[in-house]
Amino acid sequence: MDSFTPLTALIGGGLIGLASAILWLGNGRIAGISGIFGQLLPPAQTVVWRVVFLVALVLGTLAASYLIPGLGVGGPAGKPAVLVSAPAWTAIPTPIWIAAAGLLTGIGTKIGNGCTSGHGVCGLARLSKRSMVAVMIFFGVAIITVAVTRIV
Amino acid sequence: MAIALKLPYLATAAISGLLFGAGLYVSQMVDPLKVLRFLDFGAIPSGGWDPSLAFVIVPAIVVMFIAVRIAKGRKAPLFDASFHEPEYTKIDRPLVIGAALFGIGWGMSGICPGPAISLIAFLPNNLWIYLVALFIGSWLGSVVIPSGRNRRLEAAAAE
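In the order they appear, the protein sequences are chains A and B.
Quick note: the first sequence uses the working numbering, first residue 1, plus one each step.
Quick note: the second sequence uses the working numbering, first residue 1001, plus one each step.
Watch out, some of these pointers could steer you wrong.
Calculated lysine-lysine pairs in the DSSO-like style (CA-CA distance at most 30 Å, straight line) [unchecked claim]: (1) B/Lys1072 - B/Lys1006; (2) B/Lys1090 - B/Lys1072; (3) A/Lys129 - B/Lys1090; (4) B/Lys1075 - B/Lys1090; (5) B/Lys1072 - A/Lys129; (6) B/Lys1006 - A/Lys129; (7) B/Lys1075 - B/Lys1006.
Simulated from the structure, these hints should not be mistaken for lab results.
Could you build all of it, start to finish, from the sequences and the hints given here?
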């Protein structure tokens, strides 16, 4: 278990919670990334804050990688961030594999109304029954998917 | 000026985004392999399992839970007229199917929408393919199933 990093996990999780708390108490908005991203298309009337939030999300990641360099991946001192390769046994080219993952995640989070942040953090904190069901399903299915694809 | 274009409102969105992005980096949830090592329950017997993700999501939920409690005592958030509380509460087929499709996509890649967007900071190979596919998928989903609060409530009322 040398890859287990409880301290940075707790601090990072606290920051994510604080970010969600600020958006809720300040603007009354759920910090659900799939929702913020998925509603960029017209006729969204609220596109400006969504763009501001998403640009800040990228800048926050980049700034943190310079302020606290060398934690895991990314930034000036970290290992390079890499996406997965398709498991060799599937004989599927990696770009197709990645595109399929993105497509399924886009469709799924749209019709299921949320992802790890919207359902997982905000929804569970709001004690939403819909979110509890969604979280159990997407964690369960993801664990099964990893077992079946043997991607790790 | 519309409330959504006022400076305090947009500054709140910016501060929230910055902290969220920093949290994803510090917790190392931007690393798809680290997320996959959590989802790999098959590695529990051999001791190769990485439980870090659970240590990220629990404090995040606790902090947000406190914010939700504080908000219960208020009529409105600081910079808008009301809380945009999801009003749709039915556990229906789109929720179940959507969560399952997302679970497959997440297990295939180790990335969910938050880390995917924050990874623009580090630009790993194939990230743009994922992001374009995410956007197209999100658009396709909104064609199949009514999206947005009003349409969702209308669809529920029509049943």
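Straight-line alpha-carbon gap B/Lys1072 to A/Lys129, limit 30 Å: Holds - the C-alpha atoms of A/Lys129 and B/Lys1072 are around 18 Å apart, at most 30 Å.
Pair hint outcome, B/Lys1075 versus B/Lys1090 [Cα-Cα no greater than 30 Å]: holds (25 Å)
Could you grab the alpha-carbon distance between B/Lys1090 and B/Lys1072 and see if it respects the 30 Å cut-off? It holds: about 22 Å lies between the C-alpha atoms, which stays within 30 Å.
For a C-alpha distance cap of 30 Å, please report whether B/Lys1006 and A/Lys129 respect it. Given pair B/Lys1006, A/Lys129 is violated - Cα atoms ~34 Å apart, limit 30 Å.
What's the verdict on A/Lys129 and B/Lys1090, does the C-alpha distance respect the 30 Å limit or exceed it? Since the Cα atoms of A/Lys129 and B/Lys1090 sit roughly 8 Å apart, the hinted pair holds (cutoff 30 Å).
Take a quick look at whether B/Lys1075 and B/Lys1006 sit within 30 Å of each other, Cα to Cα. This hinted pair holds, its Cα atoms lying about 20 Å apart.
For the pair we were handed, B/Lys1072 and B/Lys1006, check the Cα-Cα distance against 30 Å. holds (24 Å)
This entry does not satisfy hint 6, going by the numbered hints stated previously; all others are met.
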